[in-house]
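Chemist: From first to last, the protein sequence lines stand for chains B and Y.
So in numbering that gives the first Met the number 0, spot 102 of the first sequence is number 101, and the numbers just go up one at a time.
So in numbering that gives the first Met the number 0, spot 375 of the second sequence is number 374, and the numbers just go up one at a time.
No lab work stands behind these hints, which were simulated from the structure alone.
Note that CB positions come from ideal geometry on N, CA and C, so glycine has one too.
A few of these clues could be false.
[Claimed, not checked] Straight-line Cα separation of at most 25 Å, PhoX-like style, residue types lysine-lysine; simulated pairs: (1) B:Lys-291 to B:Lys-338; (2) B:Lys-384 to B:Lys-318; (3) B:Lys-291 to Y:Lys-22; (4) Y:Lys-291 to Y:Lys-338; (5) B:Lys-22 to B:Lys-338; (6) B:Lys-22 to Y:Lys-291; (7) B:Lys-338 to B:Lys-367; (8) Y:Lys-338 to Y:Lys-22; (9) B:Lys-291 to Y:Lys-142.
[Said to hold, decoys possible] Restraint ranges, calculated between C-beta atoms of paired labels, are given here: (10) B:Tyr-21 to Y:Asp-84: 38 to 44 Å; (11) Y:Trp-34 to B:Ala-15: 42 to 48 Å; (12) B:Ser-174 to Y:Pro-24: 36 to 42 Å; (13) Y:Gly-40 to B:Phe-296: 26 to 32 Å; (14) B:Met-0 to Y:Gly-330: 17 to 23 Å; (15) Y:Phe-296 to B:Thr-376: 52 to 58 Å; (16) Y:Pro-38 to B:Thr-376: 55 to 61 Å; (17) B:Gln-407 to Y:Trp-34: 56 to 62 Å.
Protein chains: 2
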Amino acid sequence: MTTADLLARRERLLGAGAALFYKDPINIVRGEGVWLSDPDGRRYLDMYNNVPCVGHAHPHVVEAMHRQAATLNVHSRYLHAGILDYAERLMDLHADPLTSVVFTCTGTEANEVAMRMARTATGGRGIICTNAGYHGNSAEVGKLTRAGQPGRETSSDIRSIPFPQRYRPLEEGTSEADLTELYLAEVRAAIEDFARNDVPFAGMLVCPILANEGLPDIPAGFMTRAAEIVRDAGGLFIADEVQAGFCRTGQWWGYEVTDFVPDIVTMGKPMGNGLPLAACAASSELVDTFRKQTRYFNTFASSPLQAAVGMAVLDVIEKEELQQNAATVGGYLRGELEKLQQGCEPMGDVRGHGLFIGLEWVSDRSDKTPDREAAVTVVNHLKDKGFLISNAGALGNVLKIRPPLVFQQDHADLFLTALQETLHELHGQG
Amino acid sequence: MTTADLLARRERLLGAGAALFYKDPINIVRGEGVWLSDPDGRRYLDMYNNVPCVGHAHPHVVEAMHRQAATLNVHSRYLHAGILDYAERLMDLHADPLTSVVFTCTGTEANEVAMRMARTATGGRGIICTNAGYHGNSAEVGKLTRAGQPGRETSSDIRSIPFPQRYRPLEEGTSEADLTELYLAEVRAAIEDFARNDVPFAGMLVCPILANEGLPDIPAGFMTRAAEIVRDAGGLFIADEVQAGFCRTGQWWGYEVTDFVPDIVTMGKPMGNGLPLAACAASSELVDTFRKQTRYFNTFASSPLQAAVGMAVLDVIEKEELQQNAATVGGYLRGELEKLQQGCEPMGDVRGHGLFIGLEWVSDRSDKTPDREAAVTVVNHLKDKGFLISNAGALGNVLKIRPPLVFQQDHADLFLTALQETLHELHGQG
């Protein structure tokens with residue numbers, strides 16, 4: 000079946016406008032480690048997918064899934080030690096007050112739980128987010144999508160702040176410490192605006208490394224201080240670790256990178272290496288209150304299958320030392336990209352943590368004019384060379400590099416060569 | 000580990016109040032076909048679980064999951080024939096205007112999509128449901144949970160009608176035809192109330208067999224006529240097939256039982272035999288409009304894994320003729336229960352479709368006083384005898400019998416004997 004046939008069938012069966020990557024989309028039939036293959040055996044180096052965090056089709060995870068599916072997979076209103084063993088191991092990886100967990104199937108569902116947990120615990124409604132975030136696709140969580148941007152519906156119980164960043168700061172020429180204060184003032188203003196409108200405050204929900212915002216360098220101390228301000232106002236601070244968690248950054252959790260401890264944390268994407276598995280964790284007091292007030296139940300979640308697969312993912316992360324790998328290989332790749340940047344005008348900024356790197360693409364380095372179109376061109380050129388990345392960020396001009404955590408230095412070198420070739424072809428640079 | 004230990008760990012790790020079945024909860028470690036087993040090898044006949052519709056740990060489904068997980072499992076922004084083959088086969092099972100599908104991970108997410116699809120297509124907001132339904136656990140879908148009941152929050156864009164039924168009708172002594180009219184008048188009144196409050200109308204969302212309402216006998220023609228009224232008012236009619244679908248009733252879809260064709264249909268629970276897999280289907284026009292207006296994306300959905308497992312479930316349903324089995328064995332079981340009812344005062348009503356049967360438990364057959372406590376006692380007695388059912392319905396007094404579709408006549412006979420023993424022990428009857 001040709002690509003054109005697949006596209007026509009897809010449009011008819013899944014609807015016109017179902018999202019696809021790349022100008023000429025690719026047909027993927029096989030995955031192994033960091034490699035994806037098409038039906039003709041053409042291989043692509045996967046530098047985008049964070050869900051298969053321990054690598055595509057990892058045998059240990061596949062085997063755990065197979066064994067549990069052949070043994071038992073049932074809902075959570077019976078007792079089952081597997082889900083408790085997994086919950087215990089998962090929560091042992093978290094900072095101290097986070098000890099109890101509500102499992103769900105998707106990050107969207109985890110953020111639904113988190114918002115409801117903050118609201119049941121505080122009795123409030125108002126939630127602060129950033130103006131360029133994304134936390135899921137439900138009606139309630141969707142209110143946080145690029146909240147406050149032109150064309151977005153406003154909601155009485157959501158306020159957004161400009162996301163904290165150093166590259167395009169709220170005010171040019173400000174010291175980092177003053178910049179932190181400027182963004183904190185936005186948090187205070189949002190809280191005051193809720194009070195002025197008689198919306199009781201519930202908390203703040205952000206990705207601790209602001210992944211969808213474009214992975215900016217966040218002015219130092221912002222997250223710690225914002226959490227204090229939120230708590231002082233009676234709210235709870237929710238960290239969405241759906242992208243940042245599970246060693247992506249070289250640390251276990253994104254909140255370790257930006258140096259704070261959230262009251263509530265949500266997890267998702269990499270958690271089951273592709274099996275729908277997500278969670279919302281908090282102190283046992285918060286989880287108890289949530290359980291008692293909502294009687295939340297999720298048919299497919301907290302299942303023996305989720306537990307077995309989630310456990311296998313943790314096994315591999317530890318056994319293959321993927322936290323260290325993300326730090327080491329990510330650090331190497333970032334260092335090489337910074338070298339490349341010196342001779343590459345459009346590479347306005349190189350930033351990120353571990354194996355999550357953002358390259359800000361600009362048409363002019365000095366005025367930082369975002370160049371989304373050029374970023375898209377680079378993404379498509381790299382795809383043609385067999386390297387899969389994407390573009391993201393508040394302005395769509397950030398190259399997003401986020402490979403499975405088993406990505407090695409030799410893979411990085413292959414990519415660096417391809418990127419240099421691409422830059423040379425497009426700009427005569429690099 | 001003892002049950003007490005498991006309970007203590009569970010409370011600590013998953014929160015006090017995480018739902019459990021039975022007065023003395025059971026620890027299940029293995030499933031096969033219609034049987035579940037505890038660690039001591041004690042077997043329970045599963046007459047509750049609709050998710051493992053082709054039976055627990057069915058080898059064909061387990062093998063399909065294993066094969067696909069070992070080959071490829073990735074998100075849907077690449078082309079993949081597997082998801083199209085599955086979408087095509089699934090939609091061929093549906094009535095004519097339903098041709099395109101949006102896959103999700105859970106029934107909650109499918110109903111989120113359905114509500115949004117109805118709203119994007121009509122430009123309206125107002126949705127009608129029943130007063131004793133349940134369609135999912137998100138904030139938006141949760142507005143439909145027992146809407147309009149005392150203690151429930153009201154929402155400006157939701158109206159509920161008393162669910163249509165013959166056992167406890169809106170007016171006693173009414174003919175069935177007049178009863179249909181009475182309930183249809185409630186639909187019209189809800190639409191008029193939206194208009195009066197300037198809430199533009201979007202549609203009606205119900206389970207076509209009113210499963211959570213307690214599986215009532217629905218006055219003839221109600222669904223067909225309600226769908227007409229909804230469409231005449233510019234709305235769309237959404238059938239939630241999460242419980243009713245996939246041959247549960249002896250028909251492929253619940254809407255065939257109540258004889259209408261919905262504009263939008265949602266599916267879930269049995270679809271992946273336990274793998275999180277759900278969907279919202281409609282005409283290609285409706286799906287196109289939804290896709291274009293929302294750019295909906297769901298990380299774990301439309302995956303090769305969902306497709307392979309969903310396809311394997313369809314294979315088994317067809318190969319093992321489970322539609323016919325549900326009709327035949329369900330009909331046998333219902334017939335035998337009707338015989339039992341004659342000598343059993345508390346069994347106020349026997350009803351249902353295929354392998355989905357409800358027994359209304361009452362303290363007095365003539366005045367139909369619901370007896371939830373007695374129903375719970377029967378459920379726990381049966382559990383002690385090794386038979387797993389539950390209680391449900393608007394008043395919690397309906398015994399819910401809903402085994403995997405591979406349930407056979409000899410299983411029904413085992414259950415009937417245990418039920419007679421239970422009735423004899425509790426009531427000296429049966």
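Chemist: Which hint numbers does the structure go against, in order from smallest to largest?
Modeler: Hints 1, 2, 4, 5, 8, 10, 12, 14, 15 and 17 not satisfied by this model.
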